[in-house]
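Trainee: Each chain, letter by letter, is given below.
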Amino acid sequence: MSTDEPTADDVTVDDAAVDEAATDAPDDEPILSLDDVNVHYTPGGVVKRALTDKKVRAVDGVSFDLYDNDIVVLVGESGCGKTTLGKTAIGLEQPTSGSISYRGQDIWDAKDNPRDADIEFTEIRRAMQIIHQDPANALNSSRRVKAILSDPLKKYRTELGPKEREDTIYRFLEFVDMMPPEDYAERYPHQLSGGEKQRIALGRALLMNPDVILADEAISALDVSLRVGMMDLILDLQETFDTSYVFISHDLANARYLAKRAGGRIAIMYLGEIVEIGPPEEILQNPTHPYTKVLKWSTPTVDPDLAKQRIKEDPPVREVDVPDPEDPPSGCKFHTRCPEAREVCTQEEPERFDTAGESDAACFRALETHEYWNSAELADAEQDEYDAQDSSTFGD
Amino acid sequence: MAIGQPNQSTEEETTETEDPDDDIVMSVEDARVQFGMSRGQAWVLNDVSLDVRREEILAVVGESGSGKSMFAAALMDAVEDPGHLSGDVTYYPREDESDDAPSTDQIGSYDAVGDDSIDVLGMSEGELSNFRWEEVSMVFQGAMNSFNPTMKIKGHFHETIQAHNAVLDERMEHVRDLFEALHLDPDRVMNSYPHELSGGMKQRALIALALVLEPEVLVMDEPTAALDLLMQRSIISMLRELRDEFELTIVFITHDLPLVAGLSDRIGVMYSFEFIEVGDTRSLLKDAAHPYTRALLRSVPSIDSNIDEMQPIEGARPDPVNIPTGCSFHPRCPIADDRCEIEDPDLVSVDEDHETACFYSDQARNELDYSLDHGTTED
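Protein sequences appear in the order of chains H and C.
Taking the working numbering, I'd label the letters of the first sequence as residues 1 to 396.
Taking the working numbering, I'd label the letters of the second sequence as residues 397 to 775.
What the hints contain is simulated information worked out from the structure, not anything from laboratory work.
Incorrect hints may have been included.
Below, simulated SDA-like cross-link-like pairs (lysine to any residue); rule was C-alpha separation at most 25 Å, straight line [to be verified]:
| # | chain 1 | residue 1 | chain 2 | residue 2 |
| --- | --- | --- | --- | --- |
| 1 | H | K312 | C | D573 |
| 2 | H | K293 | H | E217 |
| 3 | H | K308 | C | R761 |
| 4 | H | K293 | C | D640 |
| 5 | H | K155 | H | H132 |
| 6 | H | K54 | H | D321 |
| 7 | C | K682 | C | D734 |
| 8 | H | K312 | C | D640 |
| 9 | H | K87 | H | D324 |
| 10 | H | K308 | C | G461 |
| 11 | H | K154 | H | G104 |
| 12 | H | K308 | H | P328 |
| 13 | H | K296 | C | E618 |
| 14 | C | K682 | H | R310 |
| 15 | H | K308 | C | D747 |
| 16 | H | K296 | C | R761 |
So that you can see chain H by itself, here it is in the shape it has in the complex (with noise of 0.2 Å):
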C-alpha cells in the first residue's frame, strides 16, 4: 500500500490484512480464486422445465486466478456468460457447482457454515463490490451525492462521527476531480454529467474498501471522448487504493487500453468458457485460439488505409451466427464456427493449454504434437451442409 498518497491514506480503512498482502510477490497468493466453476439455468417456465431437462450452461468449468492490483478484463460476445461469471466470482450468485475462494476461504462455505468459516461471508461481501454499466439507474434519483456516499461508511465505518464522515467524503470527491466537493455533495443525480454520476458509483464502491471490483461494461454508456479519461481514473485508484479489477468489456480496443496499462490480463469468453487467456499484446498480436481471432477481425481500426484494406478481408468464420446456447455443439463449442476445426474438435473438448507464447488456450492446435493434427479436416466437408442449413453462412 501506497504510504506517500496522503489522499489515499486518509480515505482507505486501515486493514492489516491489505498491507501484508500487498508486500508478498503478486502471483503468490490469489485473493480471488475460481475453480471450475458452472452456472446452468433451466429456461423457460414451470411446464417446460417439467417437459426437458434442457440447461443453459451460462458459465462451464470456468477456472481462473485473480491477484492483489490485478485486472482481468472478460471479453466475448452478449450471451456469453461474461457477466453471470463476473457476478458469481463476487458472490452475488451462487454457482451450480465448483468453488469460488476469496484469501483461501470458500465464499459459499462461509455462508453455509458461518461456525468453520476463517472470514465471516459479511466481510466476504464487503471486500467484493460491483459497479453497473449504467450510472443513471444505478443512484438513487432523490438522493443527494453526499447522502450516497454516506451509505457504505455509515455501515462499515461505524467509528466515523458526521463531521469526519463528510470530510472523507469530500477528500473524495476531490480525488475525483469534482470540484469544489462542497458544491458536488450537495447535488442530485439529474444535475451530474454521465461521467460524474460513474464517479460516483464508483465512489460509492471504493468507500467500502473493497478489494475486488467488478466493473461491468462500467464506460459504455460514457461518451466516446469520456472514457479513456473513465479508465484513466480507475487505474488511478487502483494504484492508490490497492484494488484489483474484473472488468467486462465487449471492445477488445478498450480491453487492450485497460488491461495494457494495468498490466492485466484479457480473458476471452465463447458460450460459458475462457477461450484464451493472456497479456494484451499477446493476445492481439499472437492470438492461438480461432475464436480470438474473430474477435481481433471484428473489431475496427480507424487507420483508414489500414481499414479500408481489411473490410474487404472474410471474416475468419464459417458461420456468423452463435449457436443455440440451450444446444451447445459437441466437443470444442466453437468447431461449427471454426475455419480450422477438424474432426477431433467436434468429439473431444480441448482444456486450456498453455501455448508456445504467453497466453492459455483452450484449443488443440496449442499443443504442437496433438491428434488434432493428423485429424480429417472439417471445413470443405461439412461447409455444404451448413450453407444448406443456414443462409447466414459466409459460404464463399
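Model the placement of chain C on the given structure of chain H, informed by the hints.
Mentor: The following block gives chain C in isolation, referenced to the frame of chain H:
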C-alpha cells in the same frame, strides 16, 4: 409548393458545392431546428449546410447530443413536434431513372417541380409519405423493436409494398436479390416471426425492408449499435457491397469513429449541433484540421493505436440552451483566443475535398498531436 432552388452559399470558400450538379443527391442549406424549453430556446441543429453526393457513403460522426440524429431527421423532414425545422432541404432525383429502373411508374405521386429538384420541406403529408421509403429511406438503431411481434417478416414486406401501391411480385423478386446480398435465406426468414430470428438477422431484414422500394438514399442511424462485434463488422462489409450493387447513397450516423474508417468515402464531424469538419475520409483521419477532431482521435482507443498518447477531451459538452458564443468549441479548445470567443468560424477549405470550421487549423495541425500509428511495436 416552394421550388427548391437552394440559396447560394454565403461562404465563398466552399466553391465545389456552389452549383447543384449531377453529383449531388440531397442538399441541406441553413437547416436549423429549435425546441422551446422551459429554460429557453434550445438549438439542436444550428444552421447546418451540407451536400450529400450521389452513391457515396457519408459518415456523420458525433458524440451523444451533438445533433447527428437531428440531421438525419432533417433529411426526411421528420423532426418531431415541438421541434421546428427551418432552412432548405432539396432532393435531386436521378435524371435517367426510367432507363435503368423500370419500376419507377409506381413510385412518386408527388410533383417533381420544374428543374428536377424537389423541395422536401414544402411537401404535403401525402407527398412526404411517398417520398420517405421510395426516395429516401431510414434504418434505426435496435431492429428488435421495429418489427411487429405478431406478424411474420413476410407480412411486413407485403404491407409496405401495398401501402406504396407497388407491384407485389416484382418487389418480392427484388427482395430476393436484397436478401442474397445480405446473406439471408429468403424462405426461412420470410416465414419467421421476429422472435425466431437473431438480432443480426432482424437488423439485416430491416435493411432489406428499407430498400424494398429502391430508394436512392438510405439513412442509417447507429444501425449496428445494439449488435455483437462480429455482426457489426459483417454488416459494415455488406453495406459497401449493397452500395455498389444497388447504386445507393448511404448516410451512416454513428458515434464510433473507427467503425466508419474503412466504410465511408467522406466523414462529417458534428460538434454542438453543427458540422465542424467535413472531408474525404482518408484526409480527415490522417490529418484532421479541427482541434475537436484531433482531440477526438486522440481520445478513442482503437485496436492498434498508441495507448500512451491517449487523452480524454477536457471539459463538458455544451448545453443546447446555452451554446457558447463564437466557436462553440472554444471553452474546451487548447488554442482558442479572443477571436474564437466572439466570432463563429465558417467551414473553409483546408485541403482538396476537406473543410473545417476553425480559424487556426494550421496551428491545430502543427501543435496538437495525435497519431494513428501502431503503438504495439514499441514497448
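Trainee: State for each hint whether it applies.
Mentor: Okay, the hints, checked on the actual structure:
A C-alpha spacing of about 21 Å is found between H/K312 and C/D573, which places the hinted pair at or below 25 Å, so the restraint holds. For the hint pairing H/K293 with H/E217, the CA-to-CA distance comes to about 22 Å; that is within 25 Å, so the pair holds. Pair hint H/K308 plus C/R761 holds up; C-alpha atoms about 24 Å apart against a cutoff of 25 Å. Between H/K293 and C/D640, the direct Cα distance comes to roughly 28 Å. Violation of the 25 Å bound is thereby established for this hinted pair.
With a CA separation close to 21 Å, the supplied pair H/K155 and H/H132 stays within the 25 Å bound. Taken as a hint, the H/K54 and H/D321 pair is honoured in the structure, with Cα atoms around 21 Å apart against an allowance of 25 Å. As the CA atoms of C/K682 and C/D734 are separated by approximately 29 Å, the hinted pair breaks the 25 Å bound. Between H/K312 and C/D640 the CA atoms are separated by roughly 13 Å; this keeps the pair inside 25 Å, and the hint holds.
For the suggested pair H/K87 and H/D324, the alpha carbons sit about 22 Å apart, so the restraint of at most 25 Å is met. Distance hint between H/K308 and C/G461 is unfulfilled; the C-alpha atoms sit about 29 Å from each other, more than 25 Å. At most 25 Å may separate the alpha-carbon atoms for a hinted pair to count; H/K154 and H/G104 exceed this at roughly 28 Å. A hinted pair counts as satisfied when its Cα atoms are at most 25 Å apart, and H/K308 with H/P328 does not qualify at roughly 35 Å.
Of the supplied pair hints, the one linking H/K296 and C/E618 holds, its CA atoms being roughly 21 Å apart against a limit of 25 Å. Only pairs whose Cα atoms come within 25 Å are accepted, and C/K682 paired with H/R310 is accepted, the gap being roughly 17 Å. Between H/K308 and C/D747, the direct Cα distance comes to roughly 21 Å. Compliance with the 25 Å bound is thereby established for this hinted pair. Taking the CA atoms of H/K296 and C/R761, the gap is about 31 Å. The hint is violated against a cut of 25 Å.
Checked against the numbered hints given earlier, the structure breaks hints 4, 7, 10, 11, 12, 16 and satisfies all the rest.
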